[in-house]
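Asker: Residue-level listing of the chains:
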Amino acid sequence: DSGVTQTPKHLITATGQRVTLRCSPRSGDLSVYWYQQSLDQGLQFLIQYYNGEERAKGNILERFSAQQFPDLHSELNLSSLELGDSALYFCASSVGVYGTQYFGPGTRLLVL
Amino acid sequence: AQTVTQSQPEMSVQEAETVTLSCTYDTSENNYYLFWYKQPPSRQMILVIRQEAYKQQNATENRFSVNFQKAAKSFSLKISDSQLGDTAMYFCAFILTGAGSYQLTFGKGTKLSVIP
Numbered sequence: 001d002s003g004v005t006q007t008p009k010h011l012i013t014a015t016g017q018r019v020t021l022r023c024s025p026r027s028g029d030l031s032v033y034w035y036q037q038s039l040d041q042g043l044q045f046l047i048q049y050y051n052g053e054e055r056a057k058g059n060i061l062e063r064f065s066a067q068q069f070p071d072l073h074s075e076l077n078l079s080s081l082e083l084g085d086s087a088l089y090f091c092a093s094s095v096g097v098y099g100t101q102y103f104g105p106g107t108r109l110l111v112l
Numbered sequence: 113a114q115t116v117t118q119s120q121p122e123m124s125v126q127e128a129e130t131v132t133l134s135c136t137y138d139t140s141e142n143n144y145y146l147f148w149y150k151q152p153p154s155r156q157m158i159l160v161i162r163q164e165a166y167k168q169q170n171a172t173e174n175r176f177s178v179n180f181q182k183a184a185k186s187f188s189l190k191i192s193d194s195q196l197g198d199t200a201m202y203f204c205a206f207i208l209t210g211a212g213s214y215q216l217t218f219g220k221g222t223k224l225s226v227i228p
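Going down the list, the sequences are from chains A and B.
Letter by letter, the first sequence follows residues 1 to 112 of the working numbering.
Letter by letter, the second sequence follows residues 113 to 228 of the working numbering.
Simulated from the structure, these hints should not be mistaken for laboratory data.
Idealized CB from N, CA, C, for every residue including glycine.
Incorrect hints may appear among the rest.
[What the hints assert, rightly or not] Derived DSSO-like pairs: lysine-lysine, alpha-carbon spacing no greater than 30 Å straight-line: (1) A:Lys57 / B:Lys220; (2) A:Lys57 / B:Lys190; (3) B:Lys185 / A:Lys9; (4) A:Lys57 / B:Lys223; (5) B:Lys167 / A:Lys9; (6) B:Lys223 / A:Lys9; (7) B:Lys182 / A:Lys9; (8) B:Lys223 / B:Lys182.
[Said to hold, decoys possible] Some chain B residues flagged as far from chain A (calculated, every beta-carbon gap over 12 Å): (9) Met123; (10) Val125; (11) Gln126; (12) Val131; (13) Thr132; (14) Asp138; (15) Gln156; (16) Gln169; (17) Ala183; (18) Thr209; (19) Gln215; (20) Pro228.
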């Protein structure tokens, strides 16, 4: 157990819908990262927050957004969902701005 | 841009034997960390080992060790005394530690099967 928690574990929804994925980092970690793992794209970095502020942005679609709250948990919002958004979404956390990242168990999203 | 290449899509090893997974990376930067992550069938991403680029000594964690060749930009993982529980996808990953983006860049993975 890495200490990073993610909810829900599984999510099934329809195209055009909006979902929210939640992540709680390890105790003491200030950075939260979001990654998408799909069969054709592999593991792709989406976005990083550090102590409530957006720190780095990767291949995140405009339909996706994220935030980190004062208690340091983070939420990833996915809207206008498409079939191609079906993937495993990981949250990871680290103590500082960079460093070893520990991953949560992931949320499996299936868009039908 | 940083890239990570894992040239072995699949490998197999007999239980109790030793296996080495290859990884090469490309960067013009000097300060970075390298990692190996393991993803078993449960899909959990588990940190196996970490290597800081400024350290010449190769990292070891129990049965896992790395061969870090900075000049050659090579970072291989050796698994000794392979166990059935080592069956998983193994991802090599890279992160810069200077200013800028702190995202992990992953290779495409090597699927390792440990055969009883």
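Asker: Now tell me, hint by hint, if it's right for this structure.
Answerer: Going down the list of hints, with the structure as the test:
{"no.": "1", "hint": "A:Lys57 / B:Lys220", "in the structure": "holds, 21 Å"}
{"no.": "2", "hint": "A:Lys57 / B:Lys190", "in the structure": "violated, 33 Å"}
{"no.": "3", "hint": "B:Lys185 / A:Lys9", "in the structure": "violated, 37 Å"}
{"no.": "4", "hint": "A:Lys57 / B:Lys223", "in the structure": "holds, 29 Å"}
{"no.": "5", "hint": "B:Lys167 / A:Lys9", "in the structure": "violated, 38 Å"}
{"no.": "6", "hint": "B:Lys223 / A:Lys9", "in the structure": "holds, 24 Å"}
{"no.": "7", "hint": "B:Lys182 / A:Lys9", "in the structure": "violated, 39 Å"}
{"no.": "8", "hint": "B:Lys223 / B:Lys182", "in the structure": "holds, 25 Å"}
{"no.": "9", "hint": "Met123", "in the structure": "holds, 18 Å"}
{"no.": "10", "hint": "Val125", "in the structure": "holds, 23 Å"}
{"no.": "11", "hint": "Gln126", "in the structure": "holds, 28 Å"}
{"no.": "12", "hint": "Val131", "in the structure": "holds, 22 Å"}
{"no.": "13", "hint": "Thr132", "in the structure": "holds, 22 Å"}
{"no.": "14", "hint": "Asp138", "in the structure": "holds, 16 Å"}
{"no.": "15", "hint": "Gln156", "in the structure": "violated, 5 Å"}
{"no.": "16", "hint": "Gln169", "in the structure": "holds, 17 Å"}
{"no.": "17", "hint": "Ala183", "in the structure": "holds, 23 Å"}
{"no.": "18", "hint": "Thr209", "in the structure": "violated, 5 Å"}
{"no.": "19", "hint": "Gln215", "in the structure": "violated, 4 Å"}
{"no.": "20", "hint": "Pro228", "in the structure": "holds, 27 Å"}
In the structure shown, a violation is registered for the earlier hints numbered 2, 3, 5, 7, 15, 18, 19, in ascending order.
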